[in-house]
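Visitor: Position one of the sequence shown corresponds to residue 1 (this note's numbering), numbered consecutively onward.
Derived from the structure by calculation, the hints contain no laboratory data.
A portion of the hints provided could be inaccurate.
To be verified - As a list, the in silico BS3-like pairs of lysine-lysine whose alpha-carbon atoms are at most 25 Å apart:
id, residue 1, residue 2
1, K212, K180
2, K180, K161
3, K90, K116
4, K180, K116
5, K161, K138
6, K212, K161
7, K138, K116
8, K169, K138
Said to hold, decoys possible - Listed next, with one range per pair, are the computed distances between beta-carbon atoms:
id, residue 1, residue 2, range
9, Q126, S52, 32 to 40 Å
10, G62, D98, 27 to 35 Å
11, R27, R143, 37 to 45 Å
Given the structure is predicted, the values throughout are model-derived calculations rather than measurements.
Built from N, CA and C at the ideal position, the CB exists for glycine as well.
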Amino acid sequence: MLRWLLPVVALAVAVAYDLPGAEAQSRGRAGDFDYYVLSISWSPSYCAAAGSRADPRQCDSGRPFAFVVHGLWPQYERGWPQFCRTDGRKRLRGREIDGILDLMPSRGLIRHEWSKHGTCSGLSPQGYFRTVRQAWNKLVIPRRYERLESYLSIDPRSVEKDFLAANPKLRADAIAISCKGRRLTEVLVCMDRNLNFRRCEAVDRRGCRARKVVMPPVRGHR
């Protein structure tokens, strides 16, 4: 029973990192949205917050996960669609889950993200997760965050500046840093439907207001 429960509890922690404060819609029409938000999570913050309840694939596998994909979220200019209706041909299958585990190292999270957000993209599961990978590949992760070996106390604005420097086409009004408690949790990047960076005031104004946040070190160093 406990083994079954661990991924469920871990998923609840991950889901809590969804974009705060925006106006969600109870239902949406698949393919009807304005832009995407690529959400990348700082995996060590999730593992620290979840503790013994963390998904072992993500936190105890020995792999040095740093930033990982939380999701690619279709958005309206205000709010977002969710849990859109799809036909049976767009049912998520094991091969799509296996194919994205290197970027989203939690099966429970992958299922949740498809159900809540992917169904609103208007794409098949294969097409949606291919788009997730393409969006990830558009974003350059600053090198200092690839193998963080010790706790880092940092101003969230400095993290944003690092991403802007690493991505010359990214503007300050297209990115937001999220935090929860003292920890940095996510970086949110807005992209148009062609995966070009675009401004998004609704996301940008909800960025972390803390003066300092902590980034726990990457696990799995040898």
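Visitor: Could you check the structure against the hints above and give me the numbers of any it violates, in ascending order?
Guide: Violated hint: only 10; rest satisfied.
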